[in-house]
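Trainee: Throughout the sequence shown, residue numbering follows full-length UniProt numbering, covering 1 to 188 in sequence.
FYI, nobody ran anything at the bench for these hints, they're computed from the structure.
Every value quoted in this text rests on a predicted model; they were computed, and no experiment measured them.
Ideal Cβ placement from N, Cα and C applies to all residues, glycine included.
It cannot be assumed that every hint is accurate.
Unchecked claim - Derived BS3-like pairs: lysine-lysine, alpha-carbon spacing no greater than 30 angstroms straight-line: (1) K43 - K4; (2) K155 - K43; (3) K179 - K104.
Claimed, not checked - Label-pair restraints from in silico Cβ distances: (4) V21 - G128: 39 to 49 angstroms; (5) V21 - L101: 24 to 34 angstroms; (6) I170 - R77: 18 to 28 angstroms.
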Amino acid sequence: MGLKRAVDFFLALIAAAILLVPILVVALCVRLTSPGPILYWSKRVGRFNQIFLMPKFRSMRVDTPTVATHLLEDPDRFLTPIGSFLRKSSLDELPQIWCILEGKMSFVGPRPALYNQYDLIELRTTRGVDKLLPGLTGWAQINGRDELPIPEKVKFDVEYLERRSFGFDISILFMTAEKVIRRKGIKH
């Protein structure tokens with residue numbers, strides 16, 4: 001087990017313990033405010049382009065098309081009553097701690113692409129980004145999150161690939177915390 005994996009695993013254990021009550025509260029709120037499952041299992045592209053299932057608290061109705069949110073004609077009409085809050089607070093991402101414990105994700109790395117984001121997958125593969133574990137947050141998310149066009153996102157992913165280090169990961173985690181607290185760069 002490498003240093004990054006060991007740190008991810010132990011941080012995820014600590015986060016799961018600390019966040020257990022908020023996770024249960026969010027799960028209950030999702031259940032009480034909209035019909036359907038509590039979790040949405042999204043097919044995502046992981047390391048070496050392997051498909052895996054990534055859990056999120058369901059923030060959209062069960063009849064929502066399986067495409068990136070920014071591609072929906074009117075994303076707001078698909079949100080559940082608490083969906084906007086879950087997304088803007090990033091609470092919908094908490095179940096991904098499980099993927100970090102499993103070793104399918106890291107705390108920091110390129111965000112996992114949807115299985116049908118072929119242009120993003122292809123660009124990442126040609127630039128070597130597919131060799132990295134996807135992350136809960138990443139350098140591209142710090143530099144634009146939902147607002148970045150795909151080529152720009154891949155540029156930041158490549159920069160992360162070239163600059164990755166323990167110190168860089170720590171700085172990305174702190175910058176992410178600031179963005180989440182200030183709710184910057186989140187459209188839906």
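Trainee: That 39 to 49 angstroms hint for V21 and G128 (C-beta), does it hold up?
Mentor: 40 angstroms, holds
Trainee: Keeping to a limit of 30 angstroms between CA atoms, is the pair of K179 and K104 held or broken?
Mentor: Judged against 30 angstroms, a Cα distance of about 24 angstroms means the pair holds.
Trainee: Does the Cβ-Cβ separation between I170 and R77 fall within 18 to 28 angstroms?
Mentor: 39 angstroms, violated
Trainee: Is the hinted range of 24 to 34 angstroms satisfied by the C-beta distance from V21 to L101?
Mentor: 18 angstroms, violated
Trainee: For K155 and K43, compute the direct alpha-carbon distance and say whether it is at most 30 angstroms.
Mentor: Judged against 30 angstroms, a Cα distance of about 23 angstroms means the pair holds.
Trainee: Would the hint linking K43 and K4 be met if the CA-CA limit is 30 angstroms?
Mentor: 24 angstroms, holds
The earlier numbered hints that this structure contradicts are 5, 6.
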